[in-house]
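As a plain string of letters, each chain reads:
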Amino acid sequence: MPKSKIRALDGAHAVAEAMRQINPDVVAAYPITPQTAIVQTFSNFVADGLVDTEFVAVESEHAAMSTCIGASAAGGRVMTATASAGLALMWEVVYVAASLHLPIVMPVVNRALSAPLNIHCDHSDSMGTRDAGWIQLYSENPQEAYDNVIQAVRIAERLLLPVMVMQDGFITGHGVERVDVLDDGTVKGFIGEYKPEHSLLDVDNPATYGTWDMYDFYFEHKRQQTDALSKALPAIVEVGEEYGELTGRKYGIFEAYGMDDAEMAIVVLSSSAGTARMVVRGLREKGVKIGLFKPRVFRPFPAKEFAEALADVKAVGVLDRSIVFGAMDGLGPGPLYLELCAALFAAGNTTTRVADYVFGLGGRDIIPAYVEQVAQDLAEIAETGEVKTPVSYLGLRE
Amino acid sequence: MAVNLEAGWREASIAGTIFEAGNSIEYITGTWRTLRPVYDAEACTHCMICWVYCPDSIVLVENSKVIGFDYDHCKGCGICAVECPVKVKAHAYTGQPGKVIQMVEETSFE
Ligand code: SF4
Ligand code: SF4
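Those sequence lines, one after another, are chains Z and B.
Per our numbering, the first sequence runs over residues 1 to 398.
Per our numbering, the second sequence runs over residues 1 to 110.
With the rest of the complex left out, here is chain B:
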């Protein structure tokens, strides 16, 4: 952990300067999301368009295949869902016609 979240003002770094590189991974920004991108793994052609367009490097890829999304940091902007070029008749999760990536109300997961 780059930052001790319990630090009092004496221990806290001056002015909040963070002396560890690559620290933004520590900050769970996914809690702001109101819509969650959900992809249909069966219908996905692994064209990587979503991977290219995601502004936050959220699309997780292994062996040239999309394996999911980093929901700790995905902000739910929906760019991936707009840019995904592959259509489905009935999405595996939502059952709706549309794209392989569809945006789902975050509250429906709780």
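So that you can see chain Z by itself, here it is in the shape it has in the complex:
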């Protein structure tokens, strides 16, 4: 095992620490709650001379991502970080980064979108960009946020795709936990050097980036993006295994907890998986055949892997921390549910029943009793094979 140090860090500081160790060529960022601690801490590192990074204090998130795009096309290792309205303001150029196949890494500290104005956690911001062509990794705690950011550099540069690394606003971002921080040399060795094949600053080999593309080529270039994303899952797994060999913390596509012989499953992203795991553990001790899936990778969505893993499961409860407004006759299920249903349908699975539970919007707490309620529903669904309420809400006042 390499040298490392146990530290008490919240998710934002853990990510800033990872960024210090990555020592990117360029960071262009605009502060926004609850991401602020990342950018503020990192800019301290810049001011203290602890990194070689060119830090660009931009006037908006649109400018942040635009700067990242230019710097990445110029051949730099480039990062930014954002949340909520910041990500929404970036929207246009978030697509450009992916379309130009630029390996930018962006930690996102999940926060609700307005209105009404709310600074607390849900996944509306990053889920809004789920079709933008980025790889998306979700982290349960500060340790995972730290580990995912370091791996994201390797994943991005290998696939030539940008990577977003999510953690839950305040719950993870401002929640201090035990984080095993690798020593600087180990991180440096793991990420290696970035040697881009082409660069805007290579004046001996001039090239035009971000070209004009009409009906004669645009379609082909979109197909190249799906091709790159379709190769991403094995690469993400390989990097996660290599990271595991190095640190003892192996990462894959999703975490399956108590899924051997499980007849019921709960699927949930990020910090709420901790609450769900605790409930599942308790139920397992009572002999209930229930397990937990915590997807780490949402983009690309691991459809085949999920269909296989859920093939013999009778009832699945998906916990979604955002709403796809207007989906399914306007019922407004979450994106995780829709993706999972599509995966099961495409795999020809007609026996696994799925119910969606929207929870935690605008930072509302999820408590063990809510997860227990889901488990009770699932027991009934498994028994009857019938989903009475496809989309329901946890912790909502009626």
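Treat the hints as calculated values from the structure; they're not laboratory data.
Please note: incorrect hints may appear among the correct ones.
What the hints assert, rightly or not - One side of the interface only, derived from the structure: several residues of chain B facing chain Z at Cβ under 7 Å:
| hint | residue |
| --- | --- |
| 1 | 17 |
| 2 | 97 |
| 3 | 98 |
Claimed, not checked - Residues of chain B clear of chain Z, computed beta-carbon distances all greater than 10 Å:
| hint | residue |
| --- | --- |
| 4 | 23 |
| 5 | 33 |
| 6 | 40 |
| 7 | 54 |
| 8 | 72 |
| 9 | 82 |
| 10 | 85 |
Virtual Cβ for every residue (Gly too), placed ideally from N, Cα, C.
Chain Z is already provided as a structure; the job is to place chain B with the ligands on it using the hints.
Just chain B with the ligands now, with coordinates in the frame of chain Z:
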């Protein structure tokens, strides 16, 4: 040719990046033009005002003389016709009084 126009998505350069400098000459932008600048070669004093003002370097010059326009790339903005300082009583092509450069409906050439 900098770009293979028949390339499938596997052969096409990633994201449409073009790895050859000076490639905009390949793109025939003159097809967008609705008005064509036509100059009266006899009346032209070769003052080069049009050459200076054209934003797209379309005015073709040889031995300090205007010899024509690059119609493959001229967008028909008409700046040259406005800036041309020399007047004619009857333009050699249009027969109209006005400037040495006059703008003519593109469709009249087909
Ligand atoms: S501005 Fe008119 S007169 Fe002068 S060179 Fe051009 S066409 Fe000739
Ligand atoms: S019409 Fe415009 S583009 Fe064409 S030659 Fe005149 S100034 Fe140049």
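Original post:
Checking the smallest CB distance to chain Z, is residue 33 of chain B really beyond 10 Å?
Top reply: Given that every Cβ of chain Z is farther than 10 Å from that of residue 33 of chain B, nearest at about 17 Å, it holds.
Subject >> Interface restraint verdict for residue 97 of chain B against chain Z (beta-carbon cut-off 7 Å) >> reply: violated (40 Å)
Original post:
Is it correct that the beta-carbon of residue 40 of chain B has no partner in chain Z closer than or equal to 10 Å?
Top reply: holds (35 Å)
**OP:** Grab the minimum C-beta distance from residue 17 of chain B to chain Z and call the hint holds if it beats 7 Å, violated otherwise.
**Re:** holds (5 Å)
Original post:
Does residue 82 of chain B sit more than 10 Å from chain Z, CB to CB?
Top reply: Check passes; 28 Å lies beyond 10 Å.
Subject >> Whether residue 72 of chain B stays farther than 10 Å from all C-beta atoms of chain Z, as the label says >> reply: holds (17 Å)
Subject >> chain Z contact restraint on residue 98 of chain B - CB to CB distance below 7 Å >> reply: violated (35 Å)
Subject >> Interface-negative label, residue 23 of chain B against chain Z, beta-carbon threshold 10 Å >> reply: violated (6 Å)
Subject >> residue 85 of chain B non-interfacial with respect to chain Z [C-beta, more than 10 Å] >> reply: holds (35 Å)
**OP:** Verify that the Cβ of residue 54 of chain B lies farther than 10 Å from every Cβ atom of chain Z, and report whether the claim holds or is violated.
**Re:** holds (21 Å)
Hint compliance for this structure: hints 2, 3, 4 are not met, and every other hint is.
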